[in-house]
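J.: Sequence:
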Amino acid sequence: MDITAINEMFANIRENTDWDLNGPMLWGYFFVNTTPEPLHGLGEKLVELGYTLVEVFEPDLEEGEDPYHVLHVERAEVHTEASLDARNHELQALAEANGVEDYDGMDVGPVEIVAQRNISHKKRPGFPGRFFMGVSPR
Numbered sequence: 726m727d728i729t730a731i732n733e734m735f736a737n738i739r740e741n742t743d744w745d746l747n748g749p750m751l752w753g754y755f756f757v758n759t760t761p762e763p764l765h766g767l768g769e770k771l772v773e774l775g776y777t778l779v780e781v782f783e784p785d786l787e788e789g790e791d792p793y794h795v796l797h798v799e800r801a802e803v804h805t806e807a808s809l810d811a812r813n814h815e816l817q818a819l820a821e822a823n824g825v826e827d828y829d830g831m832d833v834g835p836v837e838i839v840a841q842r843n844i845s846h847k848k849r850p851g852f853p854g855r856f857f858m859g860v861s862p863r
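The opening position of the sequence shown corresponds to residue 726 in our numbering, with each subsequent residue numbered one higher.
No lab work stands behind these hints, which were simulated from the structure alone. Source: prediction; values computed, not measured. Idealized CB from N, CA, C, for every residue including glycine. Treat the hints loosely; a few may be bogus.
Quick list of the computed label-pair ranges, beta carbon to beta carbon [what the hints assert, rightly or not]:
hint	residue 1	residue 2	range
1	E790	G748	15 to 25 Å
2	P749	D791	32 to 42 Å
3	D791	G824	17 to 27 Å
All chains should be built: construct the whole structure from the sequences, respecting the hints.
T.: Okay, here's the thing in structure tokens:
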């Protein structure tokens, strides 16, 4: 995801929600790999950096789609377009340094969404009431 897409995402959120992007939001970050082991290792490192490990899971797949695993971490933080762009680059570098095939993107929603989450979906990242933006096509 480049800065133009990030700018569009922020504009879309401002236009279509009443969320205060100047305050803490719950940012979820997603990584994918064909096997779960590197994701568990990266998850541990991200927890050490202050992220909350939500889960590592194998999503439901469309017919013919190759299996893969997803690491989902999150953290309540404030981002501007520029700081989110920097975070994306940081997380991509962490993925590469830890043998994870892809940093897949992020989603965002109000901090209160933690209490409402239902993780049983196992589909594409993102939850009702959240915006998802992928970094790479899947």
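J.: Next, verify each hint and record whether it holds.
T.: Tested hints:
Checking the proposed 15 to 25 Å range against E790 and G748 shows it is violated: the Cβ atoms sit about 38 Å from each other. Separation of P749 from D791 is about 36 Å and conforms to the stated range, judged on CB atoms against 32 to 42 Å. Checked against the hint of 17 to 27 Å, the C-beta distance between D791 and G824 comes to roughly 18 Å, which is consistent with it.
Consistency with the previously given hints fails for number 1 only.
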